[in-house]
Amino acid sequence: MIRKIYLDHSATTPVHPEVFEAMIPFYKERFGNASSIHLFGREAKVALDESREKVAGFLNTDPLEIYFTSGGTESDNLAIKGTAFANRNKGKHIITSSIEHHAILESCKFLQKEGFEVNYLQVDKYGLVNPDELRKQIRKDTILISIMHANNEMGTIEPVEELSRIARETGIYFHTDAVQSIGKIQIDVQKLGVDLLSLSGHKFYGPKGVGVLYIRRGVRLTPLSHGGHHEKARRAGTENIPGIVGLAKAIEIAQRDMEKEESRIRLLSDRFFDKVMQRIPDVFMNGHPERRVPNILNLSFKGVEGESIILNLDLKGIAVASGSACTSGSLEPSHVLSAMGVPPDLAQSSIRFSFGRSNTEEDVDYVAEVLPEIISKLRKMSPIYEQSKS
Amino acid sequence: MIRKIYLDHSATTPVHPEVFEAMIPFYKERFGNASSIHLFGREAKVALDESREKVAGFLNTDPLEIYFTSGGTESDNLAIKGTAFANRNKGKHIITSSIEHHAILESCKFLQKEGFEVNYLQVDKYGLVNPDELRKQIRKDTILISIMHANNEMGTIEPVEELSRIARETGIYFHTDAVQSIGKIQIDVQKLGVDLLSLSGHKFYGPKGVGVLYIRRGVRLTPLSHGGHHEKARRAGTENIPGIVGLAKAIEIAQRDMEKEESRIRLLSDRFFDKVMQRIPDVFMNGHPERRVPNILNLSFKGVEGESIILNLDLKGIAVASGSACTSGSLEPSHVLSAMGVPPDLAQSSIRFSFGRSNTEEDVDYVAEVLPEIISKLRKMSPIYEQSKS
Amino acid sequence: MPYSTKVMEHFQNPRNVGEIENPDGVGEIGNPVCGDIMKLYIRVKDNRVVDAKFKTFGCGAAIATSSMITELVKNKTLEEALKISRQTVAEALDGLPANKMHCSNLAADALHKAIEDYKNKKKKPESVSKRDE
Amino acid sequence: MPYSTKVMEHFQNPRNVGEIENPDGVGEIGNPVCGDIMKLYIRVKDNRVVDAKFKTFGCGAAIATSSMITELVKNKTLEEALKISRQTVAEALDGLPANKMHCSNLAADALHKAIEDYKNKKKKPESVSKRDE
Ligand SMILES: Cc1ncc(COP(=O)(O)O)c(C=O)c1O
Ligand SMILES: Cc1ncc(COP(=O)(O)O)c(C=O)c1O
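For the record, the sequence lines run as chains A, B, C and D.
Just add 29 to the spot in the first sequence (first one is 1) and you have our numbering.
Just add 29 to the spot in the second sequence (first one is 1) and you have our numbering.
Just add 1112 to the spot in the third sequence (first one is 1) and you have our numbering.
Just add 1112 to the spot in the fourth sequence (first one is 1) and you have our numbering.
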């Protein structure tokens, strides 16, 4: 039987067995609608409240500031469009970075069509946003700044504390997309100094289809989903109790195991990186060498297109992602790597290895073993690798 | 031990055991992200495609016209606001009814703030929309008509085929909210003649947090959720595969068992109604006596407020809902019953019994047994029941 | 809808349900929006409320507050009775859910109306009896 | 990304990888947007393509179409070879995913360019060899 090694934990994760266990009763006997006042409803409401408290505890804030959504994308959309629509009388200018997730970028593009102006901050070669650059872009009519916590393609951690401080000084809302940092590094909304923060369950061993938006008290925000009075009338829709309970459980586990997992993953990633660099020439790391979440390692294999690497690894049972193009169904190279100044061919040659709970030393050793052969075979086929050698 | 009888299936349902079974693998080993090109991703993609085909088959349409959402509320929001925004150059007038779900009504109210005009059609005493009335309200700049299939409070089935024909004649999009009719009556989008149709998983033994919007090919619609290219770029967000698989399985089961379940539920409901009418004076049925989904029975108990009935039934282990106020956290009586001309005190006195799979004859007999005592006790306390007797 | 145990206890076993024949004061209060209607009857002797009864159409909170206030008011002087506020009633019931604090917490208002009614009747018995015709 | 078995077979075992020394024609085609770059070499004898080799930087589809076209073109006359279209290649591979039909299906274009190159060289050998310096 073929070995299966999953190195794509930044795309999604399996639910943790304890998370699954926690969800089961809410599919079965405790299935009530949290809006109902009878026993079934009250049981659901209790589960909802307890979940909210758990999430609030993890983020170091008040349960009243925790809103459940259908995922990271919805949280991002609600943060960006919700605050934009609610505050357009104050101004129509938004600042974000050029390396945000598409959920942010596309929300901003939509707002541009609606008459808003958006500045996309440049980043340095490591993918870092420059606080001075942010300061320069701020205008009288700036209403929102959104800079992600950790990038999903190469893991760089942005200086959110510093950036949010600038926002606070100037009285502008600050949002951060923490979808990729949760479970990897501490997230304390007070320390981070943010007004809004997005999470998604399925990136840290919780279920798909459920997310969180932290909204600091006092932030004005127009709902995207209108209807019943769920989530204090800011996000209508019958609450996905099993999903919410699962997300809360996943947060509990992340908190409990963070330290141990973090160092384990860091060792795995370093071990893999060292072996690859020893065995394969012309490999370049994308992202910041230290300031990044430990589970993401993004490497460009000069002269070889990403999808062809993915497919070859897939044939060996290894799952990775690429900054090339195919994941999104589009055919443009990664906007993140491009923004960092990575040349197009190297952007097309990038592979994201993202490690997680199931991965062992044997796993990464196996990948480091089969990879050199694959790269060498593809490079023999490449019209641009030879060119660069001559 | 106290008996537990759930008569609130229109609020939500437990997932069917077969649905739960079908979901399990997608939480565990087949957990991939459907956008990934490796094995894990392809497995997820296959499950997504198969689910889409199942839903399309049930609705008698093409899989390309099926879009998965996070629930009925999102589907309704996307249908209303998505078509409104995409077609505002054609006109800014929308027609709906006064008895729609809040997801529709609040979406319309939001649009009114954004400069749209909305007509809310009156209904007759049975809750029926009048096609002639619709015809009269249509204007040159009408872009959308949304009339629900079956009402969630009293079950009346609207003449959707007739209404949609009027829309088609005049080239206006027609949306129907079929959240309460799915699994109870056939839904064939060709026969219904609709352009958009909303469903929600948790109302027919599927999971919470997943829904469907059917969008006929050619309908112009602005997404609400921007981001990745999921769902043909009309609804961004990592697909909730377990939820989607569960919803598809629930549709399969609904289709398989519809005939049998429908007549069984009809008998239960009739049996219960007869007993209540025999044993309790001054009870009035709300909704159409025949043209309604068989699982909903809405009765007003003159002189007694709804919540006090719910609480008393709850103490006996029986779960029902009320058209009074408390469910939504608001304190206004049901807008549906009010629109039908039910006087405020009778609207406040209404109870919705909604039957489902788990209910037996013994269940309804038990409820019919405890109910008279409860009503009589509360009536003795009532300042308005005596008044009406004198 | 998490009612306190005390609310549920009064809801299940309401005290002093009914009417007082020829009461010394009646307070009726109704809120057509939220649907609660309450009628409170008092018997007054030597400036003290010696009996109180109620009839209520309303939710759990409305019934429990009605029941509670009839208990609270008994044997209080009129001055003491007038000091009974919505807050007093809610506290005596170990609190009410936030969304029930307004609409369904009318018992104190009904009591104050009943006392007012009593005072009016006492002041100008003629005109009052005329109004009753 | 559901590639056909045939695509995967060619992707795993691509035919005719490499270069032809002193080729009679070379077609290079590159698409910086989608990142596929393809170089096709042909050897022509008596108006027939007698050999073909390729080098490709690109995704699974790009590699498979390159491999497939070198097979298809062998022993075809130049006229026949020019009739090989993107569609021909895609069909020979039992189809390509929709989003791969454009960017990653450049092999036919590279072939046509190689034939053009061959014809140009034959017409004006001087100017071509000059260009090569
Ligand atoms: C940084 C970031 N933001 C947002 C999202 C979107 O979250 P979801 O997949 O829950 O829609 C993702 C993952 O896709 C992400 O990596
Ligand atoms: C008619 C109708 N439409 C829409 C909804 C909303 O669906 P969901 O609960 O999935 O948000 C409901 C149920 O709440 C409903 O009954």
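Derived by calculation from the structure, the hints in this document are not laboratory data.
If you're wondering where the values come from, they're calculated on a predicted model, not measured in any experiment.
C-beta atoms are modelled at their ideal positions from N, C-alpha and C, and glycine is treated no differently.
Please note that the accuracy of each hint is not assured.
[Claimed, not checked] As a list, the in silico BS3-like pairs of lysine-lysine whose alpha-carbon atoms are at most 30 Å apart: (1) A:Lys406 to D:Lys1236; (2) A:Lys220 to A:Lys165; (3) A:Lys289 to B:Lys57; (4) A:Lys165 to A:Lys154; (5) B:Lys261 to A:Lys57; (6) D:Lys1165 to A:Lys331; (7) B:Lys261 to A:Lys142; (8) D:Lys1186 to D:Lys1236; (9) D:Lys1118 to A:Lys406; (10) B:Lys289 to B:Lys33; (11) C:Lys1235 to B:Lys409; (12) A:Lys261 to B:Lys138; (13) B:Lys409 to A:Lys121; (14) A:Lys345 to B:Lys74; (15) B:Lys142 to A:Lys169; (16) A:Lys409 to D:Lys1225.
[As the list claims (entries may be wrong)] Some chain D residues flagged as far from chain A (calculated, every beta-carbon gap over 10 Å): (17) Gln1124; (18) Glu1140; (19) Asp1148; (20) Lys1167; (21) Thr1168; (22) Leu1190; (23) Thr1200; (24) Asp1206; (25) Glu1228; (26) Lys1234.
For each hint, the structure was consulted:
A distance of roughly 38 Å separates the Cα atoms of A:Lys406 and D:Lys1236; the hinted pair therefore is violated under the 30 Å criterion. Distance check on the hinted pair: A:Lys220 and A:Lys165 sit about 24 Å apart at the alpha-carbon level, within 30 Å; holds. For the proposed pair A:Lys289 and B:Lys57, the alpha carbon gap of about 23 Å is at most 30 Å, so the pair holds. A C-alpha spacing of about 20 Å is found between A:Lys165 and A:Lys154, which places the hinted pair at or below 30 Å, so the restraint holds.
At roughly 33 Å between alpha-carbon atoms, B:Lys261 and A:Lys57 are farther apart than 30 Å, so this suggested pair is violated. For the given pair, D:Lys1165 sits about 22 Å from A:Lys331 by alpha-carbon distance, which is consistent with the 30 Å threshold. With a C-alpha separation of about 20 Å, the suggested pairing of B:Lys261 with A:Lys142 holds against the 30 Å cut-off. Using a Cα cut-off of 30 Å, the hinted pair D:Lys1186 and D:Lys1236 holds, with the two alpha carbons roughly 25 Å apart.
Between D:Lys1118 and A:Lys406 the alpha-carbon distance is near 20 Å, which keeps this suggested pair within the 30 Å criterion. A distance of roughly 24 Å separates the Cα atoms of B:Lys289 and B:Lys33; the hinted pair therefore holds under the 30 Å criterion. This hinted pair does not check out: C:Lys1235 and B:Lys409 have alpha carbons roughly 33 Å apart, beyond 30 Å. For the given pair, A:Lys261 sits about 18 Å from B:Lys138 by alpha-carbon distance, which is consistent with the 30 Å threshold.
Of the pairs offered as hints, the one joining B:Lys409 and A:Lys121 is violated, with about 60 Å between alpha carbons and a cut-off of 30 Å exceeded. Proximity of A:Lys345 to B:Lys74 is assessed by CA-CA distance (about 20 Å); at most 30 Å being required, the pair is judged to hold. The hinted pair formed by B:Lys142 and A:Lys169 meets the criterion: a straight-line CA distance of about 26 Å does not exceed 30 Å. Restraint check: the Cα-Cα separation between A:Lys409 and D:Lys1225 comes to about 23 Å, which is no more than 30 Å; the hinted pair holds.
The claim that D:Gln1124 is not at the interface with chain A is violated, since a C-beta of that chain comes within 10 Å of its own (minimum 7 Å). Distance check for D:Glu1140 against chain A: the nearest CB is about 7 Å away, which does not clear 10 Å, and the non-interface claim fails. Against the 10 Å criterion, D:Asp1148 falls within the reach of chain A, whose nearest CB is about 7 Å from its own CB. The Cβ of D:Lys1167 does not lie farther than 10 Å from every Cβ of chain A; its closest approach is about 4 Å, which violates its non-interface assignment.
The Cβ of D:Thr1168 sits about 6 Å from the closest Cβ of chain A, inside the 10 Å cut-off, so the non-interface label is violated. Look at D:Leu1190: its CB is around 23 Å from the nearest CB on chain A, clear of 10 Å, so calling it non-interface holds up. Every Cβ of chain A is farther than 10 Å from the Cβ of D:Thr1200; the closest lies at roughly 22 Å, confirming the non-interface assignment. The non-interface label for D:Asp1206 is consistent with chain A: the shortest C-beta to C-beta separation is roughly 17 Å, beyond 10 Å.
The beta carbon of D:Glu1228 sits about 18 Å from the closest Cβ of chain A, which is more than 10 Å, so the claim that it is off the interface holds. Listed as a non-interface residue, D:Lys1234 keeps its Cβ farther than 10 Å from every Cβ of chain A; the least gap is roughly 24 Å.
Of the numbered hints stated above, those contradicted by the structure are hints 1, 5, 11, 13, 17, 18, 19, 20 and 21, listed in ascending order.
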